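Asker: In case you want the letters, here they are:
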Amino acid sequence: MDVNTKKMKKNAFRVTKHRGFTASRIRVPGGYLEAKYLGMIQNIAETYGNGIVNITTRQGFEIPGIKFADMPKVNELIQPIIEGLDINQEVLGQGYTASGTRNVTACVGNNVCPYACYNTSLFAKKIEKAIFPNDLYFKVALTGCPNDCAKVRMHDFGIMGMTLPQYDKERCVNCGACVKACTKKSVSALATVNCKVVRDAHKCIGCGECVLNCPTGAWTRSHEKYFRLTIFGRTGKKNPRLGEDFIKWADEASIIKIICNTYDYVKNYIDPLAPGGKEHIGYIVDRTGFEEFKKWALKDVQFPANAEINTPIYWKGIKY
Amino acid sequence: MQSNEYLPFLSEIKAVIKHTDIEYTFRLTYEGNVKPGQFFEVSIPKYGEAPISVSGIGSGTVDLTIRRVGKVTNEIFERYVGDKLFMRGPYGNGFDIDSYKEKELVVIAGGTGLSPVKGIVDYFCSHSQDTKGMTLIAGFKTPKDILFREEFVHWQQKMNVILTVDSAENDTTCKVGLVTEYIPQLHLNNVNEAAAIVVGPPMMMKFTTQGLLKRGFHEENIWISHERKMCCGIGKCGHCKIDDTYVCLDGPVFNFVKGRQLLD
Amino acid sequence: MGYCLDQAGFNQILNEWSKEYFVYAPKLFKDGGSFSDTDRIRYGEIHTVEEIVFDRKSDYSYKEILLPLSQTLFFFTDDMVKEADLPKKGAVILLRSCDLHAVKRLDEIYLQNGCEDYYYKRLRDRVKFILIGCQHSFENCFCVDMGTNRIDNYDAYIEMKNGEIYVDNHNDVWKPLFTTYSRRTPEVIPAYATENKTHIHIPDGITPDIAHSKIWDEYDSRCINCGRCNFVCPTCTCFTMQDIFYVDNGKVGERRRVWASCMVDGFTDVAGGGCYRKKNGQRMRFKVLHKVYDYKKRNGYHMCVGCGRCDDICPEYISFSNSINKLDAAIKEVSINAVK
Ligand code: HEM
Ligand code: SF4
Ligand code: SF4
Ligand code: SF4
Ligand code: SF4
Ligand code: SF4
Ligand code: FES
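Protein chains in written order, with the numbering used here: chain A, 5 to 324; chain B, 842 to 1105; chain C, 2 to 341.
Calculated from the structure, these hints are not laboratory results. Here the structure is a predicted model, which is why all the values come from computation and not from measurement. Do not take every clue at face value.
Unchecked claim - With a Cα cut of at most 25 Å, we get these calculated PhoX-like pairs of lysine-lysine:
id: 1; chain 1: A; residue 1: Lys173; chain 2: C; residue 2: Lys90
id: 2; chain 1: C; residue 1: Lys89; chain 2: A; residue 2: Lys173
id: 3; chain 1: C; residue 1: Lys89; chain 2: A; residue 2: Lys189
id: 4; chain 1: A; residue 1: Lys173; chain 2: C; residue 2: Lys297
id: 5; chain 1: C; residue 1: Lys31; chain 2: A; residue 2: Lys173
id: 6; chain 1: C; residue 1: Lys252; chain 2: B; residue 2: Lys925
id: 7; chain 1: A; residue 1: Lys200; chain 2: C; residue 2: Lys83
id: 8; chain 1: B; residue 1: Lys925; chain 2: C; residue 2: Lys83
id: 9; chain 1: C; residue 1: Lys297; chain 2: B; residue 2: Lys1099
id: 10; chain 1: C; residue 1: Lys298; chain 2: B; residue 2: Lys1099
id: 11; chain 1: B; residue 1: Lys855; chain 2: C; residue 2: Lys252
id: 12; chain 1: A; residue 1: Lys188; chain 2: C; residue 2: Lys176
id: 13; chain 1: C; residue 1: Lys252; chain 2: A; residue 2: Lys173
id: 14; chain 1: A; residue 1: Lys189; chain 2: C; residue 2: Lys83
id: 15; chain 1: C; residue 1: Lys279; chain 2: B; residue 2: Lys1047
id: 16; chain 1: C; residue 1: Lys279; chain 2: B; residue 2: Lys1099
id: 17; chain 1: A; residue 1: Lys200; chain 2: C; residue 2: Lys252
id: 18; chain 1: A; residue 1: Lys130; chain 2: C; residue 2: Lys31
id: 19; chain 1: A; residue 1: Lys173; chain 2: C; residue 2: Lys279
id: 20; chain 1: A; residue 1: Lys241; chain 2: A; residue 2: Lys271
As the list claims (entries may be wrong) - One side of the interface only, derived from the structure: several residues of chain C facing chain B at Cβ under 8 Å:
id: 21; residue: Phe30
id: 22; residue: Lys31
id: 23; residue: Phe75
id: 24; residue: Glu84
id: 25; residue: Ile110
id: 26; residue: Pro209
id: 27; residue: Cys239
id: 28; residue: Thr241
id: 29; residue: Met242
id: 30; residue: Thr269
id: 31; residue: Val271
id: 32; residue: Gly301
id: 33; residue: Pro316
Virtual Cβ for every residue (Gly too), placed ideally from N, Cα, C.
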């Protein structure tokens, strides 16, 4: 048997521990898909695989037990899924193109969750469109609010939804619900002054608890959607660590631009000898220094007026 | 142009009488009709309003006895003779003196509950011909808390006065015990005709009225005054409502037949 | 008298009215909901008929126009008070039948119960009401059972049909306006809901003893005492007063009144820290009985008008109408216990 494993991996098939058998990987940006695709996945698993589907940690499906020889047939069956999910595809009918850059994951967001500050799966798709396919090792995740159910701080780019609370003092009846919620569930950014509420803009993390808890609608959400961007969290063997805050009150466009800029930066500075051509961005930043990264990342980025840039950043994490 | 009941008027402090560390009586100028048991909404601009019962009525003045608790009442304690206070009122029905004339009357008061009934005691003290016998039972926590000490001296000469405290510490000038303990031994000629007025904290009122009924008082001969969260004083804000009753309009003085049904 | 107008014609009238009145109607506040990408329907000033939301119920009622959520009563210094100004114009309010019935409840408290309320009265005297027809009932409405589904003491009635506006005018002063801007003068009969999905039965024989029933207990834990049910209610009238002194000049300030709710902490707090109804179930009891029992005892008719907004808004899915329907069982329960 002669199989080019490098090529195969780029086509989202995996070398498995069972010789002669591969697994097909189907990524779902934002983990949000119409139920009809599940039937197609079932069909592939039962026709060419061993009847099993693994729900992966990055919101995809892995269909194991596929013979190498069946890969073209599987790619044929995958095609409607790729099209339905609007995945960037290099060659039509040739399956998923995937390698270094991982599926953009997201919590369910405001499709369902009352806490979410934006539509996470829509934004995930926008990012997918902007960065896929790509061999460089990037992990991007989105979460609806600072609860961070999607654990975005463990990613290279973590995107957390925020709303800029708008206060109409004429509707406030001083019931204290917002102050209590912000104090008990969030960051104590609110205080009662003269029977009205004052927000400490610097402390506020835009979680929207005040809006959710206000019984009169004195607090409402901003029309604009805002985000906190955390950078270079990572898991792994060497030095796992949480992503640190980079931008507070960013918007969609500035985040996409920063991610794209970072690809340029990594292309320029990646260790040419990195195993498999993959190196966590954080290690590259450790090497070049944060300022150099920042120079590349913020090139031509237009921020909303209230954006706050946190610089320089120092990461902590576990060292062995 | 209709009148704006919310606008307070200025009233001058004529005298400040300190009963205890936390209870002062302010004598304030007020021209107009007012009855014992009514209350004023006293305000100090920038702090707020508090409903305060009338504890004495003079010519051109009213006495308001204020206890230092909430933030509203604290500020008042820094006011002195010659200063002015904003207030509005009087509100509430108050006691109707006529209901108690020509009767044996027992007034039982706990703590600041003495303020709203003090006007009645004063009245029968100076009009002893109008009563068939007057008893005052007043209870306080400790001797330090006793209000209107000077008046007690005066009252004692004109009526049967029982001044009692829950615990006396080292003071031996007054009795020790709850007001309820003195009810069974009340000397009355005809309990069927006798009237009683009870004002004080909720628990005290509950047990005192029970005691009076046991002693043979008729429900319709007992009156109580309800202390309540009050805000507007004029039947609008809803804070004082109990069932279909607005304490600020229909009370605070209630005949017990009605008052006993008022459940929060 | 009936009129039919096109939208441009009606907008001309709105324009005429705006010289003398603010016109308020249910309108859509984009992104104004609690959750992201949700809107809110509530009252706001409108300038064109296109802004009026006819096909949905407003979350909050018209009440906030007559009784602002937060209203300055007067300004003060150490020894002077100055009454707050009256709004520059009167108001035309578009509202449904249940809400127009609710105005009577506000009037009862603010014009009758004790003295007249100065601030309410001065606004109320300058308000005109335009009835919005209900072609059908909305979710949770129970106006039919409350007898509030029809009303005819409006200044005008309005209905939108196939892009045209049908009006029945009762206000003689407006006659020339409608005559000028209308295209036809058909007969216009107000539409009203004849049937609701939600039904309630308010039993006779409620006594204050019902407070001892066990039906209230489940609300101790279910209700979060947020007060939404009161704040959306067109008939709740409670308020609390506040004194504010300005941060930059501590000698001057203002007294305000803000809406209060008998469900929210603090409503029965007295100086010194007492609080009369601590448990949410007992607060629920107090609210329910006010709406469908003791208000009637005092004023001769029920307070609740069956708009169903309290059911629409409760974040804990507590149904007020359902709690009314438990009263029957509660009466039996307390009477059996009384016999025991
Ligand atoms: C040639 C190298 C690598 C290959 C082929 C590879 C393969 C994969 C694949 C296919 C997934 C996604 C599973 C899914 O779709 O749910 C994954 C996830 C993951 N990989 Fe790798 N990996 C490689 C290198 C690394 C390295 C160097 C690290 C860490 C230093 C790493 C850490 C992780 C972690 C933590 C996940 C879990 C998903 C998450 O990020 O939440 N991988 N890996
Ligand atoms: S958005 Fe969150 S952090 Fe900001 S004030 Fe509201 S509750 Fe507090
Ligand atoms: S929750 Fe709303 S009404 Fe209550 S204090 Fe906060 S802003 Fe005011
Ligand atoms: S019943 Fe519902 S809306 Fe009303 S206070 Fe309780 S939780 Fe809030
Ligand atoms: S109690 Fe509920 S249904 Fe009744 S009028 Fe108020 S909001 Fe409407
Ligand atoms: S239900 Fe509560 S808030 Fe509403 S009017 Fe009655 S007491 Fe006031
Ligand atoms: S104190 Fe406001 S209604 Fe009685």
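Asker: Given the hinted pair Lys298(C) and Lys1099(B), is their Cα-Cα distance within 25 Å?
Answerer: holds (14 Å)
Asker: Holds or violated: the hint that Ile110(C) contacts chain B, with Cβ atoms closer than 8 Å.
Answerer: holds (6 Å)
Asker: Decide if the proposed pair is consistent with the structure: Lys173(A) and Lys297(C), CA atoms, cutoff 25 Å inclusive.
Answerer: violated (35 Å)
Asker: Against the 25 Å threshold, does the CA-CA distance of Lys252(C) and Lys173(A) hold or violate the hint?
Answerer: holds (22 Å)
Asker: Tell me if the straight-line CA distance from Lys297(C) to Lys1099(B) falls inside 25 Å.
Answerer: holds (18 Å)
Asker: Taking 25 Å as the top limit, are the C-alpha atoms of Lys925(B) and Lys83(C) close enough?
Answerer: Holds, because 17 Å separates the two Cα atoms, which is no more than 25 Å.
Asker: Does the closest beta carbon of chain B sit nearer than 8 Å to the beta carbon of Cys239(C)?
Answerer: holds (4 Å)
Asker: Within 25 Å, alpha carbon to alpha carbon, are Lys279(C) and Lys1099(B)?
Answerer: This hinted pair holds, its Cα atoms lying about 24 Å apart.
Asker: Need the status of pair Lys173(A), Lys90(C): alpha-carbon distance at most 25 Å?
Answerer: The hint holds at about 22 Å.
Asker: For the hint on Val271(C), does the least C-beta distance to chain B fall short of 8 Å?
Answerer: holds (5 Å)
Asker: Let me know if the C-beta of Lys31(C) comes in closer than 8 Å to any C-beta of chain B, holds or violated.
Answerer: Not OK, violated: Lys31(C) not within 8 Å of chain B, min 34 Å.
Asker: Should the hint that Phe75(C) touches chain B count as held when the rule is a Cβ pair under 8 Å?
Answerer: Because about 6 Å separates Phe75(C) from the closest Cβ in chain B, which is inside the 8 Å limit, the hint holds.
Comparing the model with each numbered hint stated earlier shows that hints 3, 4, 12, 14, 19, 21, 22, 32, 33 do not hold.
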